[in-house]
Amino acid sequence: MVKKPKVGFYSFSGCEGDLLTIIHCEDELLDIFGAVDVRSFRMASSERHDDESLDVAFVEGSITTKQQSEKIKKIRERSSVIVAIGSCACYGGPQSARLGYDDWEERFKKVYAGARLTIVKPQESQPLDEYIKVDYYIPGCPMDKHQFFYALTRLAKGMPVELSRFPVCAECKWNENECLLLKGQLCLGPVTAGGCNSRCPNYGLPCIGCWGPTDEANVASEINLLKERNFREQEIVNKLRLFGGSSMVKRFGELLGIKKTSHASSVKTISRSGKKPAASKSSTTGNK
Amino acid sequence: MSLERIKIESLARVEGHGGITVHFKEGKLSKVTVDIHEGPRLMESIAIGRTPSQVVSLNCRICAICTLSHRYAALRAMEKALEITVSPKVQLMRDLMHCGEMIESNALHVFLLALPDYFGFPSAVHMVPDYAEDIQAGLRVKKFGVRLMELTSARPIHGENPIIGGFGRYPSKSEFLKFKYEAESLIPDAERGIEILRNLRQPTYMEEGMTFMCTKPEHDRYGWVGDRILTSTGEEFNVWDYRKLTNERVVSHSMAKRSSFKNKPYMVSALARFNLLGERLDGEAGEHFRRCYNLSWIRNPMYNNVAQAIETVWALEEVPRLIDRIIALDEDPEIVPPSRDKGAGSAAVEAPRGTLYHHYEIAEGKVVAADVITPTAQFLDMLETHIGVAAETLVKEGETDDIELKLEMVARAYDPCISCSTHLVRVKGL
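Heads up: the sequence lines are chains A and B, in that order.
Going left to right, the first sequence walks through residues 1 to 288 as the numbering used here numbers them.
Going left to right, the second sequence walks through residues 1001 to 1430 as the numbering used here numbers them.
Keep in mind that the hints were calculated from the coordinates and are not lab data.
Glycine included, C-beta positions come from ideal geometry on N, C-alpha and C.
Do not take every clue at face value.
If you want the ones that stay clear, here's a sample from chain A, every Cβ over 12 Å from chain B, calculated [as the list claims (entries may be wrong)]:
| no. | residue |
| --- | --- |
| 1 | Met43 |
| 2 | Ser53 |
| 3 | Pro94 |
| 4 | Met143 |
| 5 | Glu162 |
| 6 | Ser164 |
| 7 | Glu233 |
| 8 | Gln234 |
Example chain B residues on the side facing chain A (calculated, C-beta under 7 Å, incomplete) [as the list claims (entries may be wrong)]:
| no. | residue |
| --- | --- |
| 9 | Arg1013 |
| 10 | Cys1063 |
| 11 | Val1146 |
| 12 | Pro1171 |
All chains should be built: construct the whole structure from the sequences, respecting the hints.
Have a look at this one:
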């Protein structure tokens, strides 16, 4: 009998919507637990083996404390493949919407005013690849279960993963929806990663960009298009930044008027599909 | 040998990241802390300066399990602030989506998170070889809840269809009818949860009296939404005065603020709802409630598991009633636009794990203040009390062999949502 691959599921700061997406696979849940050897899944099981090596680790959430940044490095050390699941792990999520504005400390004081916290050392929300090398990225808020199944089955057989590379617009056309941009709505479909089956436009609602930018996103042209339709630049940038996290800072920082801090500019670029070159942080160029 | 400390680093089978530490001094309990390790996200500060609709999309992402409760509370608060009145059909659709979430979350907690403890398994998956039918019944009920959330909100998690002023799109009559019949057929599966829990002896080592709170429905039936809050001290508050009920403070061992009422801890949950409104339960759920209820329910949080199982049946019975009323209303209402661009609004809805408050202030069409108080943040003091009583009792009786598990069971009975609990901070301006 072929040995089942050892898999761990981990979560950092976020809503746990990506692990919940897996728990919501009622029809497949027992098959998933049967097909791979689940060594850790705290949300579903109290059984844990948190010091052994893993074939694949699926990780959701962004890193917002020093303790988390240490823990993710340890997971990296003992895992052959790391898959970032969900927009928080991939780009930092909505809690990274102000990356590059350099106001984190001020905001922290405002929210936790007067708190003498002893339990964790908080820091600004960053995606996983700020701290470790990530092998694959499955974006989404939350991720789509079909992309997860696809990645899991491929990785369980030791094969590489290629995820969809088209924008929401492409799916929206396949679904024959009326174009919301043409109807004067602030829709982010042209620049947002597809794979959600254009969920919101199918309901007559503009795309909010929750999967982050697609590989070929032409953000400059989207902004111009929206400005022509009388949307204010600030409003457009606000919307682009809500879910774009670090990818907006790294890829479109100048365009969006985001100050590139030394922290952010030292960060690797994000490749959603395909394996990243196994290089050190400083020498990684990515595909952008 | 005397015990000095019990430490549970990381609670399993709960949402989010938390632990428990119990300290003893010379054999006596000295301190209990439910430690919240969840990393801060500062979502409230991200909300400032954004449009109300962006903030609805943002704040439902505080939590995946109770995404629609957050969304419902946010929509109600925003609509009060912007003076929007929605039509009865919108109201009914929102109640239907709320049923979906209650079914999803309660079934997940009862069957997958709570039950394994009673049978000595680490997870529901491990239970399958011995209890396949029970677990599969639970999964069927949970799946229906998830699909109902998808039907009404466009996605199982973080669906964007419910928006300020209405819905993007309404399901067709035939889709509604399919869900109506399915809900009816799933009642026996949900009742299985009640039967299993009824035949188990609930542990009593943590018993201690509680103060309860819940939202008072706007009608005289059972329900989860309204503008008044009931307390077991016999008082009633307007939701606008929510801060008089929650009285938050900061503690050093937690990334969540704490709440207390009249300097005492209190409980919000299905158990709180049933203690305050249980006599309003109708149908089969009402029968089950009257069969199961006993005086321990005011002292023993383990009965929250039973209350959730019964509430799941009530929600499944409510779905056909709501659907009948929705399809009787032919027209799909237009989205209602705001009648002003400034104002303030507070709202409460019952999330599966208790009362959830959202409060917003809007000026020139932008959010200038935001406050979210979650059920878990409210009941953490009560949970610490019960953990303390449990630890003391178990140590006194010499039952320390699997004391960690027994304390974890108490924590799990509360069905805490720890990701949520770290979002409760009032932020104004930036």
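Each hint tested on the structure:
1. The Cβ of A/Met43 does not lie farther than 12 Å from every Cβ of chain B; its closest approach is about 7 Å, which violates its non-interface assignment.
2. Distance check on A/Ser53: its Cβ is at least 20 Å (rounded) from any Cβ of chain B, clearing the 12 Å threshold; non-interface status holds.
3. Distance check on A/Pro94: its Cβ comes as close as 6 Å (rounded) to a Cβ of chain B, failing to clear the 12 Å threshold; non-interface status is violated.
4. With a least CB separation of 10 Å from chain B, A/Met143 falls inside the 12 Å interface cut-off, contrary to its annotation.
5. Remark: the non-interface label on A/Glu162 is consistent with the geometry, its nearest Cβ contact in chain B lying 24 Å away (cut-off 12 Å).
6. Every beta carbon of chain B lies more than 12 Å from that of A/Ser164, the smallest distance being close to 17 Å; the non-interface claim holds.
7. No Cβ of chain B approaches the Cβ of A/Glu233 within 12 Å, the least distance being about 14 Å, so the stated non-interface status holds.
8. Here A/Gln234 does not stay apart from chain B, with its beta-carbon only about 9 Å from theirs, under the 12 Å limit.
9. The closest approach between the C-beta of B/Arg1013 and any C-beta of chain A is roughly 6 Å, which is under the 7 Å cut-off, so the hint is satisfied.
10. Hint status for B/Cys1063: holds, given a least beta-carbon distance of 5 Å to chain A, under 7 Å.
11. Below 7 Å, beta-carbon pairs count as interface contacts, and B/Val1146 has one with chain A at about 5 Å; its hint therefore holds.
12. About 10 Å separates the beta-carbon of B/Pro1171 from the nearest beta-carbon of chain A, more than 7 Å, and the hint is not met.
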